[in-house]
Amino acid sequence: MTSNNLFMQYLVENEIINEADSKRLSQKYAGNAQDVLYHLLKGGAKDKNILGKLWGDSYNFSYVNLENTIFQQEAVKKIPYEYAKENGVIPVYYLNNVLTVAMAEPYDEEVVKVLKQTFGVNISQVFSFREEIEDAIEIQYQSHDAINGFIESLANNSKIKGTSKVTGEQLKKLAGDKAVIELTRSLMLLAIKEKASDIHVDPQEEMVYVRFRIDGVLQDRLKLDSMMLSPLVSRLKVMASLDITEKRRPQDGRVKLKLSNKSIDFRMSSMPTVYGEKVVLRSLGQIVAHSVPDIEALDLSVANYKIMKNIIDTPNGIFFVTGPTGSGKTTTLFSVLKYLNKPGVNIMTVEDPVEYRLPRVNQVQVNNAIGFDFTKALRSFLRQDPDVILIGEIRDVETAKIASQAALTGHLVLATIHTNNSLQAVTRLVEMGVEPFLVAPSIIGVMAQRLVRRICPHCKESYVPEKDLVDKYFDWDGVS
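Numbered per this note's numbering, the sequence shown spans residues 1040 to 1519.
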């Protein structure tokens, strides 16, 4: 049992709970402050990062959110997978013979002593939630060596050979083969580890290339023998509940990868090519509230941040976010929703598909198979007394008109629209057929955005730009 009066004191001082709640929770959990921590976390009483920091501070340890941390692979290799999994610890950084290790109970000096003696390094412990550690172990210990082991196992499997013409029943058996299951899962976990937005399975005449899109650039990751295409695609189709016998038509589905404590969704698209079915998996992210960044974490300039804050604090009107596919429009809008999400606000969203899931937000997914589209959802929304409406994408004139009318009748509407810049959002609506007298008073802001590609960590070098370049690109924004 963990008694921690200082943590309870911090909770009261930070107005997360009051004195009466502190006494009630202490009695309910018999003084076990760690149980109180998980009670508050489960109930969504406060942001996970805030609770983690307060808990760590009460023991004089730093809190590290492992979902947002870049792990040092040299550090991960210091502790074997089996030991990490059995003891619920994971290395994060390694510097100057000091290994920083995330632990759910960093105050356990006995574990720290064993780590130091067993692995011959000094230990600096930090606090992380147990479920974060379990999921991080599953992801961070994925490697090309492990995947190559599954590939080798498949190559020696007689059932895999000669799979170009097999029955549906045989395909199901192949998809259920242990090595096929492990290979598929490991590929997806490796993509998550490397923060890839997409996984491409590209069949060619003699090989199958697996590529990851990282920071907007496709990068080769694996080469598979062509005989492995059918088992791999069949496994993905089974996970997405698609027809594994249909190879002549494109198919779309959704794959859910289950980890120890959460699920990560991928949107799957298959396409028949001359060498077999090409598959693309788009990562839809970790579908939990704490994976949505705060608006302060969007890396907007000071000037743009102030402009956006003024826009989203307006009680009614339409705020558009534009940009190409994969530029982060949905993430930006959900950061706005996270900011607006308060007990006194009724938020409704219509999406295709639902990517992030926020507590106390009413999220609806369109279903074109039964005729439930954006337009029908919006009409129903207006009878649900909404304060804020999010539209995943405005695709047609009817949706655009309803959105404009909603904005003019006292609702804040957030939406994405596919244009190259902010000005084109206005002309796009008019071209769709929305009357200018609806467009002009309803729009309160349009933000065009792009994702800035990260510089390669291995070849980056410092650079001081010329003054004329700084003046040209940054002076107007108050940066220089």
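Accuracy of the hints is not assured; some may be wrong.
Taking CB as the label site, the calculated pair distances span [unchecked claim]:
{"hint": "1", "residue 1": "Ile1494", "residue 2": "Asn1187", "range": "53 to 59 Å"}
{"hint": "2", "residue 1": "Gln1048", "residue 2": "Pro1382", "range": "41 to 47 Å"}
{"hint": "3", "residue 1": "Ile1494", "residue 2": "Glu1054", "range": "37 to 43 Å"}
{"hint": "4", "residue 1": "Ser1299", "residue 2": "Asp1096", "range": "24 to 30 Å"}
{"hint": "5", "residue 1": "Glu1054", "residue 2": "Asn1135", "range": "35 to 41 Å"}
Dumping the calculated EDC-like pairs for lysine to aspartate or glutamate here, alpha-carbon to alpha-carbon at most 16 Å [as the list claims (entries may be wrong)]:
{"hint": "6", "residue 1": "Lys1234", "residue 2": "Asp1304"}
{"hint": "7", "residue 1": "Lys1377", "residue 2": "Asp1391"}
{"hint": "8", "residue 1": "Lys1295", "residue 2": "Glu1394"}
{"hint": "9", "residue 1": "Lys1317", "residue 2": "Asp1241"}
{"hint": "10", "residue 1": "Lys1092", "residue 2": "Glu1054"}
{"hint": "11", "residue 1": "Lys1232", "residue 2": "Asp1282"}
{"hint": "12", "residue 1": "Lys1301", "residue 2": "Glu1173"}
{"hint": "13", "residue 1": "Lys1377", "residue 2": "Asp1086"}
{"hint": "14", "residue 1": "Lys1381", "residue 2": "Asp1333"}
{"hint": "15", "residue 1": "Lys1381", "residue 2": "Asp1352"}
{"hint": "16", "residue 1": "Lys1377", "residue 2": "Asp1412"}
{"hint": "17", "residue 1": "Lys1297", "residue 2": "Asp1352"}
{"hint": "18", "residue 1": "Lys1317", "residue 2": "Asp1237"}
{"hint": "19", "residue 1": "Lys1317", "residue 2": "Asp1426"}
{"hint": "20", "residue 1": "Lys1087", "residue 2": "Glu1054"}
{"hint": "21", "residue 1": "Lys1062", "residue 2": "Glu1052"}
{"hint": "22", "residue 1": "Lys1081", "residue 2": "Glu1170"}
{"hint": "23", "residue 1": "Lys1116", "residue 2": "Asp1184"}
{"hint": "24", "residue 1": "Lys1212", "residue 2": "Asp1282"}
{"hint": "25", "residue 1": "Lys1211", "residue 2": "Glu1144"}
{"hint": "26", "residue 1": "Lys1232", "residue 2": "Glu1177"}
{"hint": "27", "residue 1": "Lys1295", "residue 2": "Glu1221"}
{"hint": "28", "residue 1": "Lys1348", "residue 2": "Glu1335"}
{"hint": "29", "residue 1": "Lys1345", "residue 2": "Asp1333"}
{"hint": "30", "residue 1": "Lys1381", "residue 2": "Asp1426"}
{"hint": "31", "residue 1": "Lys1377", "residue 2": "Asp1304"}
{"hint": "32", "residue 1": "Lys1116", "residue 2": "Glu1177"}
{"hint": "33", "residue 1": "Lys1234", "residue 2": "Asp1254"}
{"hint": "34", "residue 1": "Lys1415", "residue 2": "Glu1432"}
{"hint": "35", "residue 1": "Lys1297", "residue 2": "Glu1173"}
{"hint": "36", "residue 1": "Lys1087", "residue 2": "Asp1074"}
{"hint": "37", "residue 1": "Lys1348", "residue 2": "Asp1333"}
{"hint": "38", "residue 1": "Lys1124", "residue 2": "Glu1173"}
{"hint": "39", "residue 1": "Lys1062", "residue 2": "Asp1074"}
{"hint": "40", "residue 1": "Lys1301", "residue 2": "Glu1106"}
Derived by calculation from the structure, the hints in this document are not laboratory data.
For every residue, glycine included, the Cβ atom is placed at its ideal position computed from N, Cα and C.
For each hint, the structure was consulted:
no., hint, result
1, Ile1494 / Asn1187: 53 to 59 Å, "29 Å, violated"
2, Gln1048 / Pro1382: 41 to 47 Å, "26 Å, violated"
3, Ile1494 / Glu1054: 37 to 43 Å, "41 Å, holds"
4, Ser1299 / Asp1096: 24 to 30 Å, "27 Å, holds"
5, Glu1054 / Asn1135: 35 to 41 Å, "40 Å, holds"
6, Lys1234 / Asp1304, "14 Å, holds"
7, Lys1377 / Asp1391, "19 Å, violated"
8, Lys1295 / Glu1394, "12 Å, holds"
9, Lys1317 / Asp1241, "5 Å, holds"
10, Lys1092 / Glu1054, "15 Å, holds"
11, Lys1232 / Asp1282, "29 Å, violated"
12, Lys1301 / Glu1173, "10 Å, holds"
13, Lys1377 / Asp1086, "11 Å, holds"
14, Lys1381 / Asp1333, "14 Å, holds"
15, Lys1381 / Asp1352, "13 Å, holds"
16, Lys1377 / Asp1412, "25 Å, violated"
17, Lys1297 / Asp1352, "37 Å, violated"
18, Lys1317 / Asp1237, "13 Å, holds"
19, Lys1317 / Asp1426, "43 Å, violated"
20, Lys1087 / Glu1054, "15 Å, holds"
21, Lys1062 / Glu1052, "14 Å, holds"
22, Lys1081 / Glu1170, "12 Å, holds"
23, Lys1116 / Asp1184, "13 Å, holds"
24, Lys1212 / Asp1282, "14 Å, holds"
25, Lys1211 / Glu1144, "44 Å, violated"
26, Lys1232 / Glu1177, "10 Å, holds"
27, Lys1295 / Glu1221, "15 Å, holds"
28, Lys1348 / Glu1335, "10 Å, holds"
29, Lys1345 / Asp1333, "14 Å, holds"
30, Lys1381 / Asp1426, "11 Å, holds"
31, Lys1377 / Asp1304, "20 Å, violated"
32, Lys1116 / Glu1177, "14 Å, holds"
33, Lys1234 / Asp1254, "8 Å, holds"
34, Lys1415 / Glu1432, "14 Å, holds"
35, Lys1297 / Glu1173, "12 Å, holds"
36, Lys1087 / Asp1074, "15 Å, holds"
37, Lys1348 / Asp1333, "12 Å, holds"
38, Lys1124 / Glu1173, "7 Å, holds"
39, Lys1062 / Asp1074, "14 Å, holds"
40, Lys1301 / Glu1106, "12 Å, holds"
When held up to the earlier numbered hints, the structure conflicts with 1, 2, 7, 11, 16, 17, 19, 25, 31 and fits the remainder.
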